[in-house]
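Enquirer: Make the full structure from the sequences, and use the hints.
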Amino acid sequence: MALTFDAEHPDRPHRAGVSEAILDVLAERGVAATWFLQGRWVESAPELARQVAADGHLIGNHSFYHARLPLLTDDGLRTDIGEAERVIRETTGIDPRPWFRCPFSAGSADPRVLGILAELGYRDIGADVVLEDWEPERTGPILAADALRQTPAAGDGAVVLFHAWPPGTLDALPAIIDGLRALGANFVQVDALDRFAGPPAGPADSLAELPASRPAT
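Residue numbers (my numbering): 136 to 352.
No wet-lab data here; the hints were simulated from the structure.
All values reported here derive from a predicted model rather than from experimental measurement.
One should not assume that every hint holds.
[What the hints assert, rightly or not] FRET-style restraints, in silico, Cβ to Cβ:
| # | residue 1 | residue 2 | range |
| --- | --- | --- | --- |
| 1 | 239 | 178 | 30 to 36 Å |
| 2 | 182 | 246 | 37 to 43 Å |
| 3 | 147 | 285 | 18 to 24 Å |
| 4 | 163 | 265 | 24 to 30 Å |
| 5 | 292 | 271 | 29 to 35 Å |
| 6 | 317 | 203 | 34 to 40 Å |
Built from N, CA and C at the ideal position, the CB exists for glycine as well.
Expert: Listed below in structure tokens is the structure:
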């Protein structure tokens with residue numbers, strides 16, 4: 136199974152240092168995860184983004200503005216996705232393609248959005264287990280109990296969605312990792328899952344035709 140973390144600016148109550156501490160927990164327990172990085176977040180926390188890469192986690196693209204992608208025009212989609220790719224590559228040295236996660240899952244079933252993602256060399260990665268860790272009432276014990284119940288039920292190859300900023304996620308993570316391991320879980324990055332094998336169709340370099348400036352969207 137794959138543990139995935141969306142790194143973005145929080146819009147709910149949070150505390151400082153959660154993302155750093157999540158990286159510590161993953162390192163201490165030897166878990167290689169997948170992180171989807173929002174472009175603006177990378178710009179605001181470049182050292183932390185570089186630490187995600189240095190720790191060996193797989194890096195994906197989580198858009199630049201964290202907008203609901205179906206609301207953007209075709210050109211707006213290309214710019215938003217491309218600008219996130221650019222800042223991720225410039226900051227971490229990692230090309231996030233083909234891994235992408237639509238903000239709010241908006242666009243994950245939209246043929247237009249998915250078509251442009253494929254054109255740019257991406258595939259959208261959803262989740263089989265969504266714990267709603269962004270809600271303040273979802274405390275560590277609640278998240279851990281739900282994860283230990285829902286993840287085994289999702290079966291082999293399950294993708295679990297977390298966010299990199301909720302305090303509850305940090306509080307729950309050690310118990311989730313230890314509990315799932317006790318049940319026989321093997322943690323892998325999404326590129327090791329059979330259902331995501333093979334590159335998506337798309338141009339060799341999605342940055343080639345990006346506009347020089349970033350228009351408002």
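Enquirer: Compare the structure with each hint and give your call.
Expert: Cross-check of the supplied hints:
no.	hint	in the structure
1	239 with 178: 30 to 36 Å	violated, 21 Å
2	182 with 246: 37 to 43 Å	holds, 38 Å
3	147 with 285: 18 to 24 Å	holds, 21 Å
4	163 with 265: 24 to 30 Å	holds, 25 Å
5	292 with 271: 29 to 35 Å	holds, 31 Å
6	317 with 203: 34 to 40 Å	holds, 38 Å
The earlier numbered hint that this structure contradicts is number 1, and it is the only one.
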